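Each protein sequence line maps, in turn, to chains A and B. If you read the first sequence in our numbering, its first letter stands for residue 1, the second for the next number, and so on. If you read the second sequence in our numbering, its first letter stands for residue 1, the second for the next number, and so on.
Bear in mind the hints are in silico, worked out from the structure with no lab data behind them. One or more hints might be untrue.
Unchecked claim - Here chain B is said to cover these stretches of chain A; the calculated rule only asks that three of the stretch's residues, wherever they fall, bring their Cβ under 8 Å from a Cβ of chain B:
#1 26–34
#2 103–112
#3 185–191
#4 207–215
#5 270–281
#6 463–475
Everything numeric in this text was worked out from a predicted model, so none of it was measured. Even glycine gets a Cβ: it sits at the ideal position worked out from N, Cα and C.
Protein chains: 2
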Amino acid sequence: MSHAAADAEASRLSRRIAMALGETPADLLITGCRLVNVLSGEIHDADVAVADGVVLGFGDYQARQVVDAGGRYLCPGFLDGHIHIESTLLSPLEFARAVAPHGTAAVVCDPHEIANVMGPAGIEYMLAASSGLPVTFYVMMSSCVPATHMETSGAAITPADIRRMLSPDYPHAWRMLGLAEVMNYPGVLARDPDMLAKIAAARGRVMDGHAPLLTGRRLNAYILAGPGSDHECTRPDEAREKLRRGMHVMIREGSTEQNLADLTPMVTPENAWRFSLVSDDRDPVDIKKYGHMNELVRRAVAQGISPVTAVAMASINTARYFRLYDRGAVAPGYRADLVLVDDLESFAVSRVWLGGRDVRDMDLACREMPATPNTMRPAKIDRDTFRIPARPGRVRVIGVVPGQIVTRSLVLDPTVENGLAVADPARDMAKLAVIERHHATGNVGLGFIQGLGLASGAIAGTVSHDSHNLIVAGVNDADMAFAARTLTTVGGGFCVVNGGRILAVVELPVAGLMSAGCLDELEKALAELGAAYRSVALPTDAEVHPFMSMSFMSLAVIPALKLTDKGLVDVESFSLVDLFVPEA
Amino acid sequence: MSHAAADAEASRLSRRIAMALGETPADLLITGCRLVNVLSGEIHDADVAVADGVVLGFGDYQARQVVDAGGRYLCPGFLDGHIHIESTLLSPLEFARAVAPHGTAAVVCDPHEIANVMGPAGIEYMLAASSGLPVTFYVMMSSCVPATHMETSGAAITPADIRRMLSPDYPHAWRMLGLAEVMNYPGVLARDPDMLAKIAAARGRVMDGHAPLLTGRRLNAYILAGPGSDHECTRPDEAREKLRRGMHVMIREGSTEQNLADLTPMVTPENAWRFSLVSDDRDPVDIKKYGHMNELVRRAVAQGISPVTAVAMASINTARYFRLYDRGAVAPGYRADLVLVDDLESFAVSRVWLGGRDVRDMDLACREMPATPNTMRPAKIDRDTFRIPARPGRVRVIGVVPGQIVTRSLVLDPTVENGLAVADPARDMAKLAVIERHHATGNVGLGFIQGLGLASGAIAGTVSHDSHNLIVAGVNDADMAFAARTLTTVGGGFCVVNGGRILAVVELPVAGLMSAGCLDELEKALAELGAAYRSVALPTDAEVHPFMSMSFMSLAVIPALKLTDKGLVDVESFSLVDLFVPEA
């Protein structure tokens, strides 16, 4: 620290000491709280004084504003330790608007999706777009971009990028916490030089892990390499093994993957500090409907975790894991992120202060975000793009497993018309295409998918993990081409077309991943999209999420059969396979 | 991190991954352990593999050496979160030799005593002397040197010293953890510019507190200023208040101050991670007799704390508080500091590995340490140095409180002979002198002390908190002068003289504070010193520690009446007072 900075710090200290001594009035005094004290592990009465954006302490203070909590419970602002903001389809501003009233004070993001589209520039977009918001967006450097060699991503994150953006000289250094989930655990174990170079580039920083079902020596080796957390535990014994070996266990309770009920039995008072609650992926409509971390805390308590522990898992535990020492608790010197909840069952949030400011007093009007440049750069698309000349034998078909991102690898007889293999709604078998959209390579992966429920027309999306190429499912090639071109024009999103007509389109002009507008409008557009889909779908009683389902059909690290712009991927053998299977 | 360093790190990772996968044999496998797992908060069976100085993990491994633990308990190496090594009178090497076999892996030192004698050079001596030892000596920068303005220390620690020695470029940077106990809490609360400049110089680093009985708004203000821990709690309600306000509570259980029994009721499973066990000051003979942190853990368990929690309080909790992420637990990637104990009651240590090496295989022979330059630089001392011409009225007398470092402030009639106020063994009243020994200023503080138990001769010491001037108590001036000159010649220590004869001397040539030799010799010398003292003392049945007692008689921050080289200090009014009190 320079002399000048030290002088400034000393005078800041001096001012705060005077305030804490009560010599000058505080900004805010919240009287009559039942404080959920995650440091002493108890709930006790307190009057909490706030000034200068921080908690001064407990006691009787003069203050410019006095709020009577009326015996309600005061919690520290909530932290989400692992989230991909892009998966909410919201811009950082709109995400902050949505979660701040639910008590979220900070999120630790892995901007993995936008990094796959735009590389470091995507991460920089997220940093710029989240700068100065009432909710703090910390960033972990995405570690596995591209995710595999069997797909074409928009860009790569290199060891040099990681070194540069985790350097103390980087402009957003205070928000750069470390290396995001190291999903490529096979690469770590195989000592892939690029993967190890990325880990080395983040040496001394926090590193998140991602190692579903890894066990024994392989788990030892993975942890030894660096990753210090895991949010992929789905079974108690898995969590126990990772916990014993020193991983911070992030219990994921997102909109799709929900592990809380299974993992709750592992949490004891003695080890609770080793657990966090995280959302990973969160649907925007769920946020609006249920909230964010407050909802996860509510569920944890419903599962039998004590309220103080549940709150700690969404505050101090996460802050400490990420080495954030002024967040996650209500005590002198901590950032004044305060959440007043009515009770410790519903966790209904009645008032929120972030950095000492009442969220209700903030200017949180919806504002259009500046979109990124149009990232849709596919080669020319027409109906011929989707032609599949028939060959002898049967075809590999991706089998949708309802509500899951894993698929089945089927081998079925193709439906052939005029020498072409075609979709067959009678067997709920649509054609699926993944069109490389970043570099106009002309790469197109073609295949079939069973169980998506499409009766006519086509649907398309530019959210398709992890490279986010243009994914299209359809019953006829003309509609598939039209759907793909429609999204190319608007800069990405989701659409439904039928018979040459656009039935609905959700524009996601931020890298083809996120909306530039408001949650309310997005919600409406998504509802229209759903309705349009139902108009082209086979009748069903099940709740279906065809666009979410489709977005995982190109995720080549999740079994069993997936499709990328390079073709069909057999995930078990981690290799590209031909669409046609010759007769034995 | 530079490219070269990143490459080296990547190849280190690669080697370790291969070992953890079992592709190359481990160095050591400890089979049949009951592992005290402070991360999962439980005790479970494990085989623990070690290589490259770190824990590889649990499981079945080939290893060059296999040790059967036979069901004994394996704990992480112990950490002492707050200790003044100087108070053990041992050199760092000798301290390490003494504690390593008891399972101490690291200590966090505040080199406050030697800093008061030698300034930054003293801290640098400690760093150099502890470099490369099997026990890691972390250092917190002493924050309050000199301790008060009412005494003459050998040197000062300035904000610039703190900034320099906590800089990432400092040669010992990896061992420099932050700012040591901020004892001058009145200075903090009064916004003393020098004190705030020191805190500002350590911004962003760990800061230890020292705030006995501070409460309410003043405690809020002190915490807000920076200190994040306290090891001065003596009462449960005090610990509770500090805990609630976010202080890490270090429960001190040293040779003199023992707070464990009083504070144990505050430790719950929910908040235990906020507690550490620390020794603060530890007598060398106690170390030899009882051990170090193993003994504190044993006592904690005897007080009813669960074994896993007690071990955590001497390992992971301390490591995390000090932001040491590879210490304090047994798990993949942690430093292989391992302590095998026979049971969880006695905590009798049967085997210790530090950094993967068996302590029994280390070269821990006693070696003479290089002493510092002789720090004894008083002005000329003779019997006249100690003359106290009588004046009308009574005298202030320091009243010893047995077993305590507080004193009573007495006002008694002086004993006058030939116009001089003199010692009076019949009233157990010795003369006490504090001679400035650093700069030959000629400052001498003179007074009387009751309750030290001296019948004849004189005793002297150069350990006298916090400035460590030469303190002498005696019955006659000639012996006092002789005792003082004796210590000046040998470079400091303790001595007993009588009738112009040296009865015993303990040489402490390292800054007048520490022995350069071995614990065994020191123990013998201290025993001889004790015997010599008893030969000049009044008969008593009580266990007396006259040199320790005397060493606190100049500590001007502990009530009630103390003596420095500048004179008598009334601690309540924090001011110098005259020896003579005029008759009312």
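Against the structure, the hints come out as follows:
1. Check result for the segment 26–34 of chain A against chain B: violated, 0 residues qualifying (beta carbon to beta carbon below 8 Å, three or more required).
2. Here the segment 103–112 of chain A counts 0 residues with a CB under 8 Å from a CB of chain B, which misses the bar of 3, and the coverage is violated.
3. Coverage of the segment 185–191 of chain A by chain B holds [criterion: at least 3 residues with CB-CB distance below 8 Å; count 3].
4. Remark: the segment 207–215 of chain A is not confirmed as covered by chain B, as 0 of its residues place a Cβ nearer than 8 Å to a Cβ of that chain, below the required three.
5. Requiring three or more residues with a Cβ within less than 8 Å of a Cβ of chain B, the coverage given for the segment 270–281 of chain A holds, as 5 such residues are present.
6. Residue count for the segment 463–475 of chain A with a Cβ under 8 Å from a Cβ of chain B: 0. That is fewer than the three needed, and the coverage hint is violated.
Violation of the numbered hints given earlier is confined to hints 1, 2, 4, 6; the remaining hints are satisfied by the structure.
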